[in-house]
Structures are given as C-alpha cells and as structure tokens.
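Engineer: What follows is each chain in one-letter form.
There are 2 protein chains.
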Amino acid sequence: MKKENISDAVVRRLPRYYRQLTDLYTRGVVRISSSNLGKEMNITASQIRQDFSCFGEFGQQGYGYNVEELRSEIGHILGVDNNHHLIIIGVGNLGHAILHNFPFSQNGFAVDAAFDVNPDLVGTTICGVPVCSMDQLESFLAEHRVDVALLTIPQSVAQETTNRLMNLGVKGFWNFTNIELTSDNPDVKFENIHFADSLLILSYRISNR
Amino acid sequence: MKKENISDAVVRRLPRYYRQLTDLYTRGVVRISSSNLGKEMNITASQIRQDFSCFGEFGQQGYGYNVEELRSEIGHILGVDNNHHLIIIGVGNLGHAILHNFPFSQNGFAVDAAFDVNPDLVGTTICGVPVCSMDQLESFLAEHRVDVALLTIPQSVAQETTNRLMNLGVKGFWNFTNIELTSDNPDVKFENIHFADSLLILSYRISNR
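So the sequence lines, in the order shown, correspond to chains A and B.
Numbering that gives the first Met the number 0 numbers the first residue of the first sequence as 0 and each following residue consecutively.
Numbering that gives the first Met the number 0 numbers the first residue of the second sequence as 0 and each following residue consecutively.
If you're looking for bench data, these hints aren't it; they were derived computationally from the structure.
The C-beta atom is built at its ideal place from N, Cα and C for all residues, glycine as well.
Any given hint could turn out to be false.
[Claimed, not checked] A few chain B residues that don't get close to chain A, going by computed Cβ distances all over 10 angstroms: (1) Arg26; (2) Ser52; (3) Leu199.
[Said to hold, decoys possible] Which stretches of chain B does chain A cover? Using the computed rule of at least three CB atoms under 8 angstroms from a CB of chain A, they are: (4) 80-91; (5) 106-112.
Turn these sequences into a full structure, and let the hints steer you where they fit.
Structural biologist: Structure below.
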C-alpha cells in the first residue's frame, strides 16, 4: 500500500521507528498506542499517525499498533528483507572499524567483499570478508550482483572511484568520504555519513544555547 | 546579527555551505553568486538567500558573495572559532578510527583525552591523545573544561555513562552508539551519528526507485 512521493522527512523517520519498534519488541511489548510510541520517541502522536498513513493503515483506532507486525511492515518498507549485497571500498581504520562493529546482516545487507590498494591487506580476510585488490573490481562485478558500495577512501579518489563503480553498474553508495558525490543517473542513490557536518551542528548548538 | 529560532533544516544546511565554501576558497574562487553556489550544491538560489537572511546580510545584490568572508562568517556562526574541548569515551575500533582520521582541529575542536576500561590501552597515547582509565573521569573533569564527549561505547552502558558525564557538567554529546540518549536538561545537546539509520535510508531508496 505504498503511496508515491513520500517526503524526505518521513523517509528519514522510518529507521527511527524501526529502531524503536525493535527495542519494544525485544523488551516483549506486544501492543503500543501512537501516543505512547510518540512519548518514547519525542514525536507527537498525530505526526506518527500521519507518517504511517503514507504507507497505508497499520493500527486500529483505539487498539494501538501490534509491535511485531508494525516492525515487520516498516522493515519491509525499508527493504531489510531484500537481501542487499554490499562491498566495501577502502579498508583503512574506518573501513576496519565498520567491518568489526556494524551489524550488516541485522539491517538486511550481506558484505561480499572488501577492496583496497594496500598489498599487505589484499588476500586477507577481515571478519569473514575477503579483501581483494582494487584491480579485481571489474572481474568481481562481472560475476556478482552488488547493490551498494560503501566508500571509505581518500577524498582525492572518491568521485573517480564512484564513476568507475557506476560504469560497472553499482547504483547505491554509502559515502563516508565527507565530500559530495554526484551522478547524472537519477537511479543512482547516495547516502552520506558526514562526520564533520554532524560535529559542526553540535558546535552550533553548544555555541548558541 | 543572529536571529532567534533558526529552523533545524537551516542549521543542518550550514555545515554544507561551510564545506562548499571551504572547497571554493581552496580552489582560489574569490566571489560567487547565489545561483552558482546553488548549482554547485544542488540548492536553489532563493533557498540560499533565504537561509543566509536568517543571519543577516552577507552578499550585495548583483555582486554575489565574497567566498572568504562568507566562509569565515558561517564558520563563526557554527562556532569553529570557539576552541571547543572534546574527550573521547571508548577507544575501540571506531574510537581509534575517528582519532586517526577525523580532522578535529579543522573543525574547531581540541581532543584533550580519551577514556577506556581496557587496561592495555590506559596509559598509552593515540595520535597524541592520552588514553586514561574511566576511573579518572571525575578527577579529569574537575580540572579541565570539556564541551563535548564523543561516545563510542557499548549500548548497554551508553545512557548510564551519559548520566555520569552530565553530572560532571558535560553538556554536549557526539553520540555514535546508535541508541537515543536523553536528558531532562534542555541545555544538554545530543548529536547522533546513526550508521544503521543511514544505511536503512539507502536501503529504502534502492528498494523503491
């Protein structure tokens, strides 16, 4: 029951709902009202009902939401059951940390390979993920479906590496390089983790309170 | 010339302006019109003029913006010249990676110390930053001003550690734990890097294109 043209703000709240519902489900909560869900998340109940109405009707007036069902439905909307395939480009400190710490499979992603230019890393395995040479990108992508490339490479090579990956058919980029990447292809999607932007927003908030 | 009640959306665009202007300045660009700045950033010129009008007048009609002045002004609004002091709580893989890779000083932050429970780390120095025991938090904070605590600790201890730091007077938290932290004190500011939310937004975008 997906509607068209869901606003960016609604989409950005969906993972928060999913996270909160996962937490409630883990705590054994079976049913929750929009007002109690709102209290937990610091969102108004009417905002919640409005957000969910973009995707159809999940609750029943007066009965609240079934936590397990709602979590599963929002997970489905987010695509966590789509079994996405991801590769990591760049296995420096940050790439290592993400491989070690981030629960990819919980979020519906399989990490199939990592790529680096460092000959000391190529041929090794990190957390079960084989590290390949950047020279092997073309042959790997000829044989494997890759939905998302996670980029933790130097800024100086970020756009050119993105272009190379796009030419090989990759259409999703999880970008940790802290520069804006662009594509002429509207099917290509970028999602950025901008550490500096985040810290500067905090800087603003503590400087202007 | 700061106005009150700047919207969250405007604040969240400020670091992007700062980043783009830093890039232009580095490339030797002296002056830029709002329409050309907009093209570089994929924002409309009128949006840019409207955003900047929240903070006073930066450009002159028909002459565009002086890149160096505007960069400096936005940096000032963001507080990059406030010499903020930061400590890192948790020096696992992610804490290490951030210490190694993130240009704190470029963003106006000095990293004064890191804290961990791992006895193998305590007493060492990472990228010039001394690693202290968590037991030393109280004595350190009694003697040093700390504006922001960067949290890369397990979720199970995140809120309790935050409470401990708030009791010691810390009012800014850069939160990498992927859980929501809360405070009753409106002066306490949280800024979250939610890796999972970001990847799920990308998952949504590639599942619904």
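Engineer: For each hint, tell me whether it holds in the structure or not.
Structural biologist: These are the hints, each one checked on the structure:
Listed as a non-interface residue, Arg26/B keeps its Cβ farther than 10 angstroms from every Cβ of chain A; the least gap is roughly 13 angstroms. Against the 10 angstroms criterion, Ser52/B stays outside the reach of chain A, whose nearest CB is about 17 angstroms from its own CB. Not every Cβ of chain A is farther than 10 angstroms from the Cβ of Leu199/B; the closest lies at roughly 4 angstroms, contradicting the non-interface assignment. Using a Cβ-Cβ cut-off of 8 angstroms, 3 residues of the region 80-91 of chain B lie near chain A, which meets the minimum of three, so the contact claim holds.
Only when three residues or more bring their CB closer than 8 angstroms to a CB of chain A does the claim for the region 106-112 of chain B stand; here the count is 3, and the claim holds.
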